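Please assemble the complex out of the two chains, which come individually in their own frames, going by the hints.
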Amino acid sequence: KQEVTQIPAALSVPEGENLVLNCSFTDSAIYNLQWFRQDPGKGLTSLLLIQSSQREQTSGRLNASLDKSSGRSTLYIAASQPGDSATYLCAVRADTGFQKLVFGTGTRLLVSP
Amino acid sequence: EPEVTQTPSHQVTQMGQEVILRCVPISNHLYFYWYRQILGQKVEFLVSFYNNEISEKSEIFDDQFSVERPDGSNFTLKIRSTKLEDSAMYFCASSLELAGYNEQFFGPGTRLTVL
Numbered sequence: 001k002q003e004v005t006q007i008p009a010a011l012s013v014p015e016g017e018n019l020v021l022n023c024s025f026t027d028s029a030i031y032n033l034q035w036f037r038q039d040p041g042k043g044l045t046s047l048l049l050i051q052s053s054q055r056e057q058t059s060g061r062l063n064a065s066l067d068k069s070s071g072r073s074t075l076y077i078a079a080s081q082p083g084d085s086a087t088y089l090c091a092v093r094a095d096t097g098f099q100k101l102v103f104g105t106g107t108r109l110l111v112s113p
Numbered sequence: 001e002p003e004v005t006q007t008p009s010h011q012v013t014q015m016g017q018e019v020i021l022r023c024v025p026i027s028n029h030l031y032f033y034w035y036r037q038i039l040g041q042k043v044e045f046l047v048s049f050y051n052n053e054i055s056e057k058s059e060i061f062d063d064q065f066s067v068e069r070p071d072g073s074n075f076t077l078k079i080r081s082t083k084l085e086d087s088a089m090y091f092c093a094s095s096l097e098l099a100g101y102n103e104q105f106f107g108p109g110t111r112l113t114v115l
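Going line by line, the protein sequences match chains V and R.
Here the first sequence is numbered in our numbering, starting from 1 and rising by one per residue.
Here the second sequence is numbered in our numbering, starting from 1 and rising by one per residue.
Calculated directly from the structure, the hints in this document are not laboratory data.
A quick note: this is a predicted structure, and the numbers were derived from the prediction, not measured.
Be a bit skeptical, because a hint or two may be false.
Here are the simulated distance ranges between beta carbons [claimed, not checked]:
{"id": "1", "chain 1": "V", "residue 1": "Asn63", "chain 2": "R", "residue 2": "Ile38", "range": "28 to 38 Å"}
{"id": "2", "chain 1": "R", "residue 1": "Ile38", "chain 2": "V", "residue 2": "Thr45", "range": "14 to 24 Å"}
{"id": "3", "chain 1": "V", "residue 1": "Ser53", "chain 2": "R", "residue 2": "Arg80", "range": "37 to 47 Å"}
{"id": "4", "chain 1": "R", "residue 1": "Asn51", "chain 2": "V", "residue 2": "Asp27", "range": "26 to 36 Å"}
{"id": "5", "chain 1": "R", "residue 1": "Pro70", "chain 2": "V", "residue 2": "Asn18", "range": "46 to 56 Å"}
{"id": "6", "chain 1": "V", "residue 1": "Gly60", "chain 2": "R", "residue 2": "Glu97", "range": "24 to 34 Å"}
{"id": "7", "chain 1": "R", "residue 1": "Asn51", "chain 2": "V", "residue 2": "Ser46", "range": "15 to 25 Å"}
{"id": "8", "chain 1": "V", "residue 1": "Glu15", "chain 2": "R", "residue 2": "Ser73", "range": "37 to 47 Å"}
BS3-like, lysine-lysine: derived pairs with alpha carbons at most 30 Å apart [what the hints assert, rightly or not]:
{"id": "9", "chain 1": "V", "residue 1": "Lys42", "chain 2": "V", "residue 2": "Lys1"}
{"id": "10", "chain 1": "V", "residue 1": "Lys1", "chain 2": "R", "residue 2": "Lys57"}
{"id": "11", "chain 1": "R", "residue 1": "Lys42", "chain 2": "V", "residue 2": "Lys1"}
{"id": "12", "chain 1": "R", "residue 1": "Lys83", "chain 2": "V", "residue 2": "Lys1"}
{"id": "13", "chain 1": "R", "residue 1": "Lys78", "chain 2": "R", "residue 2": "Lys42"}
{"id": "14", "chain 1": "R", "residue 1": "Lys57", "chain 2": "V", "residue 2": "Lys42"}
{"id": "15", "chain 1": "R", "residue 1": "Lys42", "chain 2": "R", "residue 2": "Lys83"}
{"id": "16", "chain 1": "V", "residue 1": "Lys1", "chain 2": "R", "residue 2": "Lys78"}
{"id": "17", "chain 1": "R", "residue 1": "Lys57", "chain 2": "R", "residue 2": "Lys42"}
{"id": "18", "chain 1": "R", "residue 1": "Lys57", "chain 2": "R", "residue 2": "Lys78"}
{"id": "19", "chain 1": "R", "residue 1": "Lys83", "chain 2": "R", "residue 2": "Lys57"}
{"id": "20", "chain 1": "V", "residue 1": "Lys68", "chain 2": "R", "residue 2": "Lys42"}
{"id": "21", "chain 1": "R", "residue 1": "Lys57", "chain 2": "V", "residue 2": "Lys68"}
{"id": "22", "chain 1": "V", "residue 1": "Lys42", "chain 2": "R", "residue 2": "Lys78"}
{"id": "23", "chain 1": "V", "residue 1": "Lys42", "chain 2": "R", "residue 2": "Lys42"}
{"id": "24", "chain 1": "V", "residue 1": "Lys68", "chain 2": "V", "residue 2": "Lys1"}
{"id": "25", "chain 1": "V", "residue 1": "Lys42", "chain 2": "R", "residue 2": "Lys83"}
Glycine included, each C-beta is placed from N, C-alpha and C at the ideal position.
Isolated chain R (complex conformation) (with noise of 0.2 Å):
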């Protein structure tokens, strides 16, 4: 069954360093998210990108985030210059986004820690 793949499943990195987490979305889905999840909070969204422009984005999502589809096959996330509190599991997810065809399917996460 096609999944949501994620990589690394663990970065730890120190404060001001950029950071760029990689997912690859199911393959013939359109939409594409980062979502992340401080320890202990809710599931937050970040961004959802459709048709190599970005669609929708929280007010997380400042200009120290950016998201980039650079092949066929890819989405990233990228963190210029990381903060303490941007540590939080990173999830990425995909959709078809046709009638009746918009369910959301989830990677297994990034865990990031910023030092």
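Just chain V, with the same shape it has in the complex (with noise of 0.2 Å):
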């Protein structure tokens, strides 16, 4: 059964900084992973999507890895803001033809001013 996880869980910086999130998974028979952005009480906004066969995918200064023989995420945020501050989920699809996605616990960030 898939498990991801996710480390740290909670997380604050000061304004400006650069950061690495990371997500693991037992099981590397993944199809994709994608990063979402959740605000406290609202739903979730899609930040990135990685194939199993890509190494990474950027979106402005977000940057995320995938090492799938290790099963193994980041999601780098450079230069970070305030407006970043929010909970962080990675989930991912397994390769079986189904479309189900398995999600970790998150990270909670916050940047302060």
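Here it is, written out as structure tokens:
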């Protein structure tokens, strides 16, 4: 059964810092991995999707990498801003022909001015 | 930009009552999903739906739950007899599922409170 873990559970940084969020998964037979942002009491906003054949994806100040064989992904946020404060979730889709996403517990990020 | 919408944003119900949560997926998407998130816990998959039938469901999705696409735009989740433990945020999602276009887009959620 796929298990997804995110470390750290919470992170507090001053504005301007570069930071790395980690996601690990136990079954490397994945189809893709998605990173989401969740603001308190709100829905999930898709940030980046990495296909299993890709090593990284970039969108603005965000860069996500994938090492499928070791079961790890990282989300790099450059020059953090207070508006980046949110919970970041990673989710993996198995390479089974089905579409369900298995989510991690998330990393709660606070960027202080 | 197209988005998934959900109504209502918050639903309060008494235990044992039926509730219907509604979603309008992105218009050209082919696959539809329901997930839920109990407060403080992970987002969990409930069910996926394609071509007017369930394609996958989790062990949470028992006989108390059903899904329907009653027309060309709406996608609904019905809970027949709600329990206290059904209190959660319910998210609808959709995806296109053509080669290279399999990102899932989520709605803002419906907060269900069962009293």
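Hint by hint, here is what the structure shows:
Checked against the hint of 28 to 38 Å, the pair Asn63/V and Ile38/R passes, with Cβ atoms roughly 32 Å apart. Ile38/R and Thr45/V have their C-beta atoms about 20 Å apart, which keeps the hinted 14 to 24 Å range intact. The hinted window of 37 to 47 Å between Ser53/V and Arg80/R holds, with their beta carbons roughly 42 Å apart. The given range of 26 to 36 Å is respected by Asn51/R and Asp27/V, whose C-beta atoms sit roughly 27 Å from each other.
Against the hinted window of 46 to 56 Å, the Cβ-Cβ separation of Pro70/R and Asn18/V comes to about 48 Å, which satisfies the hint. Evaluation of the 24 to 34 Å hint for Gly60/V and Glu97/R yields a pass: the beta carbon distance comes to about 26 Å. Range check, Asn51/R to Ser46/V: about 24 Å between beta-carbon atoms, so the 15 to 25 Å window is met. Our hint of 37 to 47 Å for Glu15/V and Ser73/R holds, since their Cβ atoms are close to 42 Å apart.
Proximity of Lys42/V to Lys1/V is assessed by CA-CA distance (about 28 Å); at most 30 Å being required, the pair is judged to hold. For the proposed pair Lys1/V and Lys57/R, the alpha carbon gap of about 15 Å is at most 30 Å, so the pair holds. Simply put, Lys42/R and Lys1/V have alpha-carbon atoms about 15 Å apart, close enough for the 30 Å limit, and the pair holds. A threshold of 30 Å between alpha carbons decides the hint, and for Lys83/R with Lys1/V the separation of about 27 Å falls inside it, so the pair holds.
Among the hinted pairs, Lys78/R with Lys42/R is consistent with the structure: their alpha-carbon atoms are about 21 Å apart, no more than 30 Å. For the given pair, Lys57/R sits about 24 Å from Lys42/V by alpha-carbon distance, which is consistent with the 30 Å threshold. Only pairs whose Cα atoms come within 30 Å are accepted, and Lys42/R paired with Lys83/R is accepted, the gap being roughly 19 Å. Proposed proximity of Lys1/V and Lys78/R is supported: the alpha carbons are some 28 Å apart, at most 30 Å.
Taken as a hint, the Lys57/R and Lys42/R pair is honoured in the structure, with Cα atoms around 17 Å apart against an allowance of 30 Å. Under the criterion of a C-alpha separation no larger than 30 Å, the hint pairing Lys57/R with Lys78/R is consistent with the structure, at around 14 Å. Straight-line distance between C-alpha atoms of Lys83/R and Lys57/R comes to about 19 Å, which keeps the hinted pair within the 30 Å bound. For the suggested pair Lys68/V and Lys42/R, the alpha carbons sit about 22 Å apart, so the restraint of at most 30 Å is met.
Distance restraint check for Lys57/R and Lys68/V: the Cα-Cα separation of roughly 26 Å lies within the 30 Å cut-off, and the hinted pair is therefore satisfied. Of the pairs offered as hints, the one joining Lys42/V and Lys78/R holds, with about 21 Å between alpha carbons and a cut-off of 30 Å not exceeded. The hinted pair formed by Lys42/V and Lys42/R meets the criterion: a straight-line CA distance of about 14 Å does not exceed 30 Å. Pair hint Lys68/V plus Lys1/V holds up; C-alpha atoms about 16 Å apart against a cutoff of 30 Å.
Note on Lys42/V and Lys83/R: the hinted pairing holds, with a Cα-Cα distance of about 23 Å set against a maximum of 30 Å.
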